[in-house]
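Participant: Build the full structure now, drawing on both the sequences and the hints.
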Amino acid sequence: MENRTENTGEVILQVKNLKTYFKTGPHKVVKAVEGVNFSLKKGRVLGIIGESGSGKSVTARSILRIVESPGYIADGEVIFKGQDILKIPEKEMRSIRGNEISMIFQDPTTSFNPYMTIGKQLAEAYNAHSPSGSEKAKKEILRVLELVGITNGEEILKKYPCEFSAGFRQRIFIAMSMILYPDLLIADEPTTSLGITIQAEIIEALSEVQKQTGISIMIITHDFGVVSQFSDDIFVMYAGRCVESAPKKDLLRNPKHPYTIGLIRSVPLLEARKTKRLKSIPGFPPDMSNVPEGCPFASRCEYAKPICHKEVPELKNVGEDHMCACHFPLDYDVSEDTELG
Amino acid sequence: MKDIILSCEELVKQYPVKKGLFNKVVGQKNIVDKVSFELEKGKTLAIVGESGCGKTVLTRVLLGIEDKTDGIIRFDGKSVDDMSSSEKKNMRSKIQMIFQDTLGSLHPRMSIRESLEEPLILNGVTDKSEREKIILDTLSQVGMSSMFLDRYPHQLSGGQRQRIVIARCLVVTPEIIFADEPISALDVSLQAQVINMLMDLQEKYKLSMLLIAHDLAVVRQIADRIMIMYFGQIVESAPGSEIYKNARHPYTKVLLKAAPSISKGLEDAGFDIDLKPGDIPDPSQKMEGCPFCTKCIYADEHCMKVKPEAREVAPGHMVLCHKAEQNL
Chain X
-9 MENRTENTGE VILQVKNLKT YFKTGPHKVV KAVEGVNFSL KKGRVLGIIG
41 ESGSGKSVTA RSILRIVESP GYIADGEVIF KGQDILKIPE KEMRSIRGNE
91 ISMIFQDPTT SFNPYMTIGK QLAEAYNAHS PSGSEKAKKE ILRVLELVGI
141 TNGEEILKKY PCEFSAGFRQ RIFIAMSMIL YPDLLIADEP TTSLGITIQA
191 EIIEALSEVQ KQTGISIMII THDFGVVSQF SDDIFVMYAG RCVESAPKKD
241 LLRNPKHPYT IGLIRSVPLL EARKTKRLKS IPGFPPDMSN VPEGCPFASR
291 CEYAKPICHK EVPELKNVGE DHMCACHFPL DYDVSEDTEL G
Chain A
139 MKDIILSCEE LVKQYPVKKG LFNKVVGQKN IVDKVSFELE KGKTLAIVGE
189 SGCGKTVLTR VLLGIEDKTD GIIRFDGKSV DDMSSSEKKN MRSKIQMIFQ
239 DTLGSLHPRM SIRESLEEPL ILNGVTDKSE REKIILDTLS QVGMSSMFLD
289 RYPHQLSGGQ RQRIVIARCL VVTPEIIFAD EPISALDVSL QAQVINMLMD
339 LQEKYKLSML LIAHDLAVVR QIADRIMIMY FGQIVESAPG SEIYKNARHP
389 YTKVLLKAAP SISKGLEDAG FDIDLKPGDI PDPSQKMEGC PFCTKCIYAD
439 EHCMKVKPEA REVAPGHMVL CHKAEQNL
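As you go down the protein sequences, you meet chains X and A in turn. Residues -9 to 331, numbered by the working numbering, are exactly what the first sequence covers, in order. Residues 139 to 466, numbered by the working numbering, are exactly what the second sequence covers, in order.
Honestly, the hints are just simulated from the structure, not real lab data. Incorrect hints may appear among the rest.
Beyond 12 Å from chain A on every Cβ pair, some chain X residues (computed) [stated by the list, open to error]:
| hint | residue |
| --- | --- |
| 1 | 129 |
| 2 | 301 |
| 3 | 318 |
Calculated cross-link-like contacts (lysine-lysine; reagent style DSSO-like; alpha-carbon spacing at most 30 Å) [to be verified]:
| hint | chain 1 | residue 1 | chain 2 | residue 2 |
| --- | --- | --- | --- | --- |
| 4 | A | 395 | X | 266 |
| 5 | X | 266 | A | 391 |
| 6 | A | 424 | A | 383 |
| 7 | A | 391 | X | 264 |
| 8 | X | 201 | A | 391 |
| 9 | A | 443 | A | 461 |
| 10 | A | 414 | X | 269 |
| 11 | X | 264 | A | 395 |
| 12 | X | 264 | A | 157 |
| 13 | X | 269 | A | 391 |
| 14 | X | 264 | A | 226 |
| 15 | X | 269 | A | 179 |
| 16 | A | 395 | X | 239 |
| 17 | X | 264 | A | 140 |
| 18 | A | 414 | X | 148 |
| 19 | X | 18 | X | 32 |
| 20 | X | 266 | A | 232 |
| 21 | X | 32 | X | 264 |
| 22 | A | 443 | X | 264 |
| 23 | X | 148 | A | 157 |
| 24 | X | 266 | A | 461 |
| 25 | X | 266 | A | 167 |
| 26 | X | 71 | X | 239 |
| 27 | A | 172 | X | 266 |
| 28 | A | 402 | X | 31 |
Cβ coordinates follow ideal geometry from the N, Cα and C atoms, glycine included.
Facilitator: Structure (structure tokens):
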């Protein structure tokens, strides 16, 4: 448990009871994020895993206050470096975005302006927050490009985004988001549209950046493999709620929530399984405009009891730093189903 | 005696390289380059490769959507070139395809019933009540209720649509299913459902399957044989578990190392992969050596000059690498 020692570090981001709703009709509200709580410690990587529609991207966008209409933040607090950034004026928020918290998106193609050279776009990002001479900007740009493993920076500055492959563009985008050395980087599915070897290269570049700068990273993904390899803590979301959060090894070895266990049992893995068939989770994720009463996972849960269909379980401590929202947390050992140690 | 349902020998698909004002053809690029394989009846063959390696073109050629440039395709022992047009039509109803994009696979203005009925009408099932019976039967096979029949594709979720697409393949009782990344667009909790369902259906109907995937984790449970494709060629092919235990080709090893996994997370393994930072070669240029030599960390001068030949390193285990025996 060597990573426990740094676990006592200061909390850089704390999200308390965050609720983000989308008003889709006069009497229709989609509760995309319904009371999410988590915290991220300085210098650590937090992985948020969930299916599409579970509210993980909306959570990230709520932190930066870039939820688009008809979405709005209905309730909650986002405490970043001791300050609730949901309450500060928009003007102050602008100086935080990109400067102290930056974000990388899934699609490296649409993240760039196709008509501007890479050099100009990087300089624009730099000058937006700290206007200075072009010489200084260029020096900073080359330094940050080197950080993501691009050594021939001079050459690429004059080129356009279309001249690079998707993987290389994503690398440049990571450099762009790091140009002002923010304290927190939010990566929303940064590798989803990329091939498998390029994915490995990008994650490697991100972890190199993390090691060198000590930045805190929040990575959002639906890939269990990526979070298990890259993050220190894992946070599982389902239907707009947090179902389980724990340090990585705790969560992978001793998951408590039936949904987390179901995922670990069912995701395709490189490791051999002990059964020929995967143990799948029955049913489909709930329709977010009409989430049933009680625990949102109850209808798919094989252990559900009557209370699960009535009361929403609270997020409780089930171990050191291990939170789980379930009326009946389970004891499960991964080695039951897989040849994992 | 193996019962081979579909096979191809030295299959080649070239596309012309055009240049200049009048689109003059200046050369040919090989997108599928001398691919040979055999698909056994009732078994699953997986083709694994990254985007751009030619795996989708290969299936399109096999299906006859595009013409092959060279090589032989055999269905049930008979070469496709020698088939009459009615035999070809019969063959096409026996091979069905599942595409990755489920929304694009279903007509947006046709109800689910119409979508499922259409292939039956085309295949000469004229009795309406019989069609209805087949449809209801197939729907229950894929775990859907008849209440979906009058809905439209956009009213279903991705997982439900994928089941309908699979049902649409099954109504005409095919013998082979081609599945092009059938689960990569699905949510994690639904992927296992679809994999299990494909395995159940395969057992029940003795289906043969050609499965295309871009990573090795997805095919682990289901594939009897795995072929690794790189730059239009099959660089390694072996029985399923053999690939995971005794991979010989450097590219296969890279794929295995790059695939994120829970056990690597528990061991705190990094993401470093053994690849040279070079680009993949340009397919329109004539290649002299091994196509992987620009990215391979073990490549030497011999690899750059001489094209490797496929060799058998263990029973049923073929590798296309000069250094296959060295166990790098």
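Participant: Checking against the hints above, which ones are violated?
Facilitator: 6, 10, 12, 14, 19, 21, 22, 24, 25 and 27
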